[in-house]
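Protein sequences, first through last, are from chains A and B.
Here the first sequence stands for residues 1 to 221, where the numbers follow the UniProt record's numbering.
Here the second sequence stands for residues 1 to 474, where the numbers follow the UniProt record's numbering.
Simulated from the structure, these hints should not be mistaken for laboratory data.
Don't take every hint at face value.
Straight line, CA to CA, 27 Å or less: simulated DSSO-like cross-link-like pairs of lysine-lysine [unchecked claim]:
{"hint": "1", "chain 1": "A", "residue 1": "LYS115", "chain 2": "A", "residue 2": "LYS90"}
{"hint": "2", "chain 1": "B", "residue 1": "LYS172", "chain 2": "A", "residue 2": "LYS115"}
{"hint": "3", "chain 1": "B", "residue 1": "LYS105", "chain 2": "A", "residue 2": "LYS115"}
{"hint": "4", "chain 1": "A", "residue 1": "LYS11", "chain 2": "B", "residue 2": "LYS397"}
{"hint": "5", "chain 1": "A", "residue 1": "LYS212", "chain 2": "B", "residue 2": "LYS168"}
{"hint": "6", "chain 1": "A", "residue 1": "LYS90", "chain 2": "B", "residue 2": "LYS278"}
{"hint": "7", "chain 1": "B", "residue 1": "LYS168", "chain 2": "A", "residue 2": "LYS11"}
{"hint": "8", "chain 1": "B", "residue 1": "LYS161", "chain 2": "A", "residue 2": "LYS11"}
{"hint": "9", "chain 1": "B", "residue 1": "LYS278", "chain 2": "A", "residue 2": "LYS115"}
{"hint": "10", "chain 1": "B", "residue 1": "LYS246", "chain 2": "A", "residue 2": "LYS11"}
{"hint": "11", "chain 1": "A", "residue 1": "LYS212", "chain 2": "B", "residue 2": "LYS70"}
{"hint": "12", "chain 1": "B", "residue 1": "LYS172", "chain 2": "A", "residue 2": "LYS212"}
{"hint": "13", "chain 1": "A", "residue 1": "LYS212", "chain 2": "B", "residue 2": "LYS194"}
{"hint": "14", "chain 1": "A", "residue 1": "LYS34", "chain 2": "B", "residue 2": "LYS246"}
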Amino acid sequence: MSDARSSILTKLRATRDAHPLPPPASDFAPIEAKRWPPEERLPRIRRLMEAVHTEFIDATEADWPVVLREFLAREGVESLLYAPATEAGKRLVEGWESAANPTLIPYDRPLEDLKPQLFESIEAGFTTTRGAIAETGSLILWPTAEEPRTLSLVPHIHIALLRTDALYDTFLQAMREQGWAQAMPTNVLLVSGPSKTADIEQTLAYGVHGPKRLVVLVVHP
Amino acid sequence: MDGNAPDFAAASRAALADPQLRGNFRRAMDGLMSKRAAQFADAGEWTGVRALAASVRLRALSKLPELLEKLEETCTRNGITVHWAATTDEANAIALDILHRVDAKLVVKGKSMVTEEMHLNAVLEKDGIEVLESDLGEYIVQLDGTMPSHIIMPAIHLNTKQIAHLFKRKIKDAESREDAAYLTDLARRVLRAKFQAADVGMSGVNAAVAETGTLCLIENEGNGRMCTTVPPVHIAFMGLEKVVEKLEDVPPVISLLPRSATGQPITTYVNMISGPRKDGEKDGPREVHLVILDNGRSSIYADPELRDTLRCIRCGACMNHCPVYTKVGGHAYEAPYPGPIGKILVPQIEGLAKRGAMPHACTMCNACVEICPVKIPIVEIMGRLRVEAVKPGGAVKDGGAKASRTEAMVWSGWAAMNASPTAYRVATLAMSKLGNAAPSSLPLLKEWTNVRTKPRFAGRTLHDLARAKGVPDV
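Whenever a hint applies, use it, and build me the whole structure from the sequences.
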C-alpha cells in the first residue's frame, strides 16, 4: 500500500465521518421520461446525425452488401478494412470479386502489424453497431476481439451498419436493457458524427483526427 | 503582493487594454451562451436532469473514500494499474517512472486539466521526452508557447488570422492561409504521424465508474480515442473527485456536460475504457494506468461547505457566463482553471497567499450559479474565501494572508458604527456634511476612484429624508 493511498483515504474517511453528507436519492425519472414512438426514433436519429454531417444509406437484410459495394464504387473508395470473423464481415465478402473496387482488407492481425497501412493508405473501415440512441443521435459501438477499436477510428471514412431493431430512446435505456454494468468490454463508444472541431475561432471543421466521414448503412427489415 | 504570485489586477488591466482579445472573447462567449440556452429551452427537463446530476455528484462525494477503494478494486480486476499521488510532484514522478520503464521518447496527450495543474509537459520536456498536445486547441496553445485560456476551448483567445500566422511560423511547409478547414487539415497531417509513432498516450478522465472500473472520456475530435487506443501504453490522470458510483450515473453527467459547455446535445465521441487489450484483441494499449491525484482536494473535502467545490464536472459554462471572465479572458487568471470555478478551486489548491486575489474578481451576480449543471454554490464559496483570505485560522491554506490593517480597521469601525444608534447618526450626519470633501486619493477610496467617478453623498441622511416624508424614526 503506497503512503499516498493510505494517507489520502485515511484523511477522506476521517473528515467525511466528522462531517457526514447523507447520500441524496437520485431520481432518474427526468431521463426515463424521454420517450419517442418507435417509428419516430430512426427519423430523429437521422435528423440529429445529418445535422453533424453524417451520411445515411438505406438497405435491406438481403441487399446491404451490394448497396454498400455500389456506394463505395460510386465514391471512388479504393480500400475497405473489415472484420473477417464477424457475421457482417462474412456477409460482406460473399460475392466480392477479387478485382473489384474497393479492395477488401481483413483486420486479421494485431494493430502493430497493420499500423503503417492503416494510417497511410486504407481509406475506409466497416463496423457493426449495437444499436443507436434517439435522444442524441448516437451509434453504440461495441468493439470486440473480432472487430477492433481502430476500425472506426483511423480510416478516413467509417461505415457503420445499423439494424433498426436496436433503437433506444436514451443512453440510460440502452445501458440498462443491454445490461452493460454486468460485463463491460475493453471499450464501448457512442459515436455521434464524424470527427469535428471548433477550436479555430468556433468555425466548425470536420475530420480533425478521426474519420472525416461517417456513413450509416441502415438495414431495414 | 508576493513576488511570485500572479498579479490578477495587472493582468486584467493588460487584457482590458487589448481590443482584439476582448473582441475574440465577447464573440465566442455570446455564441456559447445562446447555444447553451437553446439546449435547455425546456425548463422542466433542465430542472429535473440538473437535480439528478447534482445528486449523482453529491452521492459520490458522500461515499468518496469507499468509492475510490471500489474503483481501485474494479480497475485492478480489469487489468488497469492504479496509482495514488498526494501531490503533483508525486503524480509527475509516477508518470516519469512509467515512461522510463517503457523507454518512451514520444508522448501524445489528450486534453487533461489535471496535467495542466501538474505542469506535466514541462516536467517531461525537461526529462528529454517529446510531448505533444493533440486536442487542436491545446496543440495551438502549445505551439504558441502559452497556456489554455478556457478549459473547454483552450485557444479561444486567438482568431483564425493569428492561428494561421502561428502555423506558418511553426509548421514546416505550412501555407499562409486564413482558413479553418485548411488549418485543421494541416494539424491532422502533423498529428496523425505522431499518433502512429507515439510510445505512450495520456488522457484525463471525465468520470470514473467505481462499479465497473470504467474510465469515461468525452470529446469531439477523436484525438482522445487516438491517445487511448493507438500507443502501446495509456496513462489516465484524474482528480480524486471524478469518481461516480454506478455506470447508470454516467448518462446524467453526459447529458449535461456538452450541452452546458458548447451547446451540443452530445459530443461526437463518448469513450468508455474498462481495461487494456485482452488476449485475442488486436488493438488497444497493452498497459493502462490510472493516476489518482489529491493535490489539496482532500483538504477541500474536509470542510463541509467548501466540499461542494468538488462536484464540478468541468463543463466551463460558469466561465462562459461570467461578466468578469468574458471581459478579461482566461489568461488574466494565470491559473489552470480560470473563471468562477477557478476562483474557488485554485485558491483552495494553491493557497490564499498566492491566489487570494482570485475570489475578489467576482461581481457576485450569481450568473455562474444559475447555469451550473450540478448546482455548486459558487458565490457562497467565493464569499467564504474572501473572509478566509483576511482572517487567519480558517480551513483554507494560508488563511489570513491577505489581511490588511487598514481594511480591518475600516470594517471594525463600520461594525461599531452600525451597532450604536448614536454613532450611526453622528457618522451619517458627518458623511452628508463632510463626505464630499474627502479626497479621491484616500486609502480604499482610491481603489474605486481610479476607475470610477467618486460617489457623491446626499446632503441629507436617509433618516432625515424619511422623517420629512412623515415616516416615524426608530
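Each hint, compared with the structure:
| no. | hint | in the structure |
| --- | --- | --- |
| 1 | A/LYS115 to A/LYS90 | holds (23 Å) |
| 2 | B/LYS172 to A/LYS115 | holds (24 Å) |
| 3 | B/LYS105 to A/LYS115 | holds (18 Å) |
| 4 | A/LYS11 to B/LYS397 | holds (16 Å) |
| 5 | A/LYS212 to B/LYS168 | holds (24 Å) |
| 6 | A/LYS90 to B/LYS278 | holds (23 Å) |
| 7 | B/LYS168 to A/LYS11 | violated (51 Å) |
| 8 | B/LYS161 to A/LYS11 | violated (50 Å) |
| 9 | B/LYS278 to A/LYS115 | holds (19 Å) |
| 10 | B/LYS246 to A/LYS11 | holds (23 Å) |
| 11 | A/LYS212 to B/LYS70 | violated (39 Å) |
| 12 | B/LYS172 to A/LYS212 | holds (23 Å) |
| 13 | A/LYS212 to B/LYS194 | holds (18 Å) |
| 14 | A/LYS34 to B/LYS246 | holds (21 Å) |
Violated hints, in rising order: 7, 8, 11; the structure is consistent with all others.
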